[in-house]
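From just these sequences and the hints, can you work out the full model?
If you read the sequences in order, they're chains Y and X. Each residue of the first sequence is one higher than the last, beginning at 1 in this note's numbering. Each residue of the second sequence is one higher than the last, beginning at 1001 in this note's numbering.
If you are wondering where the hints come from, they were derived from the structure by calculation, not from laboratory data. A few of these clues could be false.
As the list claims (entries may be wrong) - Among chain X residues calculated to face chain Y with C-beta under 10 Å, some are:
hint, residue
1, Leu1245
2, Gln1364
3, Ala1370
4, Ala1378
5, Glu1389
As the list claims (entries may be wrong) - Not close to chain Y: a few residues of chain X, all C-beta gaps over 10 Å, as computed:
hint, residue
6, Ala1012
7, Ser1026
8, Ala1066
9, Thr1089
10, Leu1112
11, Arg1291
12, Asp1300
13, Asp1347
14, Ala1359
15, Ile1373
16, Arg1375
17, Ala1400
18, Arg1414
Each residue gets a CB set at the ideal place from its N, CA and C atoms; glycine is no exception.
So the chains spell out like this:
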Amino acid sequence: MLEVKNLSVSVQGKQILDNLTLTVNDGEVAAIMGPNGTGKSTLSYIIAGKPGYEVTSGEVLLDGEDLLALAPHERAAKGVFLAFQYPVEIPGVATMTFLKAALNAQRRFHGEKDLTTPDFMRKVRAAAAALKVDIEMLKRPVNVGFSGGEKKRIEILQMALLQPKLCVLDETDSGLDIDALKVVSEGVNALRDDKRSFLIITHYQRLLDHIKPDVVHVMAKGRIAKTGGPELALELEREGYAEYVDAAA
Amino acid sequence: MNIALKREKTAAEAALTDQFAKAPRSANAARAFQRFETLGLPGRRVESWHYTDLRAQLKEAAPLAAAPHEEAIAAARALLAAEPKLAATRLVLIDGRLIAELSDAPPAGVALTTGAPDGAIAENVDALIALAAAIATGGFTLSVNAGVDAGRLEIVHLSREGASFARLRIDLGAGARAALVERCLGAALGAQRHRLTEITLAKGARLDQVVSLEDSPRLNLDSTIAQLAEGAELFNFGLALGGELTRRQLFVSIDGPNAQLSLAGLTLLDGERRSDTTIEARHGAPRGTSREFFRTIVADEAAGTFQGKITVAPHAQKTDGAMKSQAILLSPTATMNNKPELEIFADDVVCGHGATVGALDPQQVFYLEARGIPRDEAEAILLEAFGAEAIGRIADAEIAEAVATRARAWFAGRGMRR
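Written as structure tokens, this is what we have:
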């Protein structure tokens, strides 16, 4: 599914990712854990195509296709979805309008017709019900005045509607209380299947209690320092990141 | 010693003098022209025209458009057939002249007189108001009787080639109401459109006006003078989508207590177009409210200007004024000039103004792109949202939607124009 090969990235001359290599297989749920400032979010932005980063070497492939050569909207249409750590507020644009625009843009990309309004509403209602999102909330502007939990739920709602191949969750657990964490995790788990892959970025084991990863990668100083099974997350929770920070230094 | 500095007449000024001289004019028109000649075409040195140097930019005054004959009327009829009628009553002007064949009779309680009104203008008016009053080749007077609700009326300002000078007078009697939807259509590229609208609202009258400039004349100078009596309400919204050099200027005098004024607009600029919105709300009576809310989007090498002034006379206590002008620049070569001013001589008032100029938020653009929305469409969505706040000031939902549709087409077409 996703292959990141020898990726080095810098921002304004400062190197953030250093020769990072990572593979996420079809249907795999991979967690990336690591201390603050180690480049986890940068990796997620590079995959999604956020401007402002300079890739100095390496490649990122989605099913063998060079993602770095594609515009962000093309990557999305080909199945990349980034659940933002800080979902962006867009005043004046109703969430419903935004969801419809996104769905239809992706359909057009694949040469499909726009959804009819009834079809769209059916899809939205089903997805909203599963995530306990009040449909009234979707009439409000995108993320404006939403609580932290609501914002994250709407991210997962978008994921459920767009049915991506590769879901990158950037600290989706931040700002969530226990109940919201559960709802969001259930939403993610409902989307798991043997074709869809997840890359879950988090600081804490907590989220991984709800979304069981197949693989855990530890990231430090811009590269993958260790890879293991779910037990690695528990080990990190006990012992902290000191070992990796020191080792990589 | 007294040295009189004589200003050289520009070619355009000389041509205007010639145009004025060629037709028989009234004494009021002659006085108006004298006022114009004294001032001349305003340039950078005139404070209120500092950002719109008409003297330098208007190289030539186009010849006056001839009175429309059958052919022009047939062409207009064809053009109008393609446009949805926005009101039961439609008044159509071609180059400033009201065309009876294309217009409906006014509703009951409304009197319509064809021809440019010939009232004297105030002595201190702006040069272009004086010019429009002096040369006015057509227009009408629309009077709504006291207590009558005229409903919605559509006014279509059609232009062809050449210059047109329209003068319109709109009087609402006590407690009368009217809603005007005005559209400017059809102008050829070199057209120069001048229009002066004089509005008087008697006690408790309410006028709603939505004016959209949809064609692309070389010049569009749209001036409004309004006087509000006690408890009168005026709402005026301007949408500007086209025109190489355009200026909307509104001078509103709040003469009676408890009057309410609301001015709003959305200006969309691209290419090398220049557009100027200049407004002045003069509070001359207590407890008046004025709201000014303008949004401008400037692309390419275009330039926008907003000049807003709220003045509060010493006795206009409890005045409540708020003025806002916000702009988005879409290119590094786009320009916006914002000049808000408050002149307050009363001590018990609430008045504020705000002006902002910014760019589209790249985080918002990326968020939309990350969901599969192509960049041009993402920008169009954000621009539409920005414009929607101004359009939201229009209370009539149907008219607001018509305006939003036109703005949307502009946003969607931007990618193609680049």
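Comparing the hints with the structure gives:
1. Leu1245: violated, 30 Å
2. Gln1364: With a minimum Cβ separation of about 5 Å from chain Y (threshold 10 Å), the hint on Gln1364(X) holds.
3. Ala1370: holds, 5 Å
4. Ala1378: Since chain Y brings a Cβ to about 8 Å from Ala1378(X), closer than 10 Å, the hint holds.
5. Glu1389: holds, 6 Å
6. Ala1012: Correct as stated: the minimum Cβ-Cβ distance to chain Y is 42 Å, above 10 Å.
7. Ser1026: holds, 50 Å
8. Ala1066: holds, 46 Å
9. Thr1089: At roughly 34 Å from the nearest Cβ of chain Y, Thr1089(X) sits farther out than 10 Å, so the non-interface label holds.
10. Leu1112: holds, 40 Å
11. Arg1291: Holds, since 19 Å exceeds 10 Å.
12. Asp1300: Since the minimum Cβ distance to chain Y is about 21 Å, Asp1300(X) lies beyond 10 Å and the statement holds.
13. Asp1347: holds, 36 Å
14. Ala1359: holds, 14 Å
15. Ile1373: violated, 5 Å
16. Arg1375: violated, 7 Å
17. Ala1400: holds, 14 Å
18. Arg1414: The claim holds: Arg1414(X) sits with its nearest Cβ about 16 Å from chain Y, beyond 10 Å.
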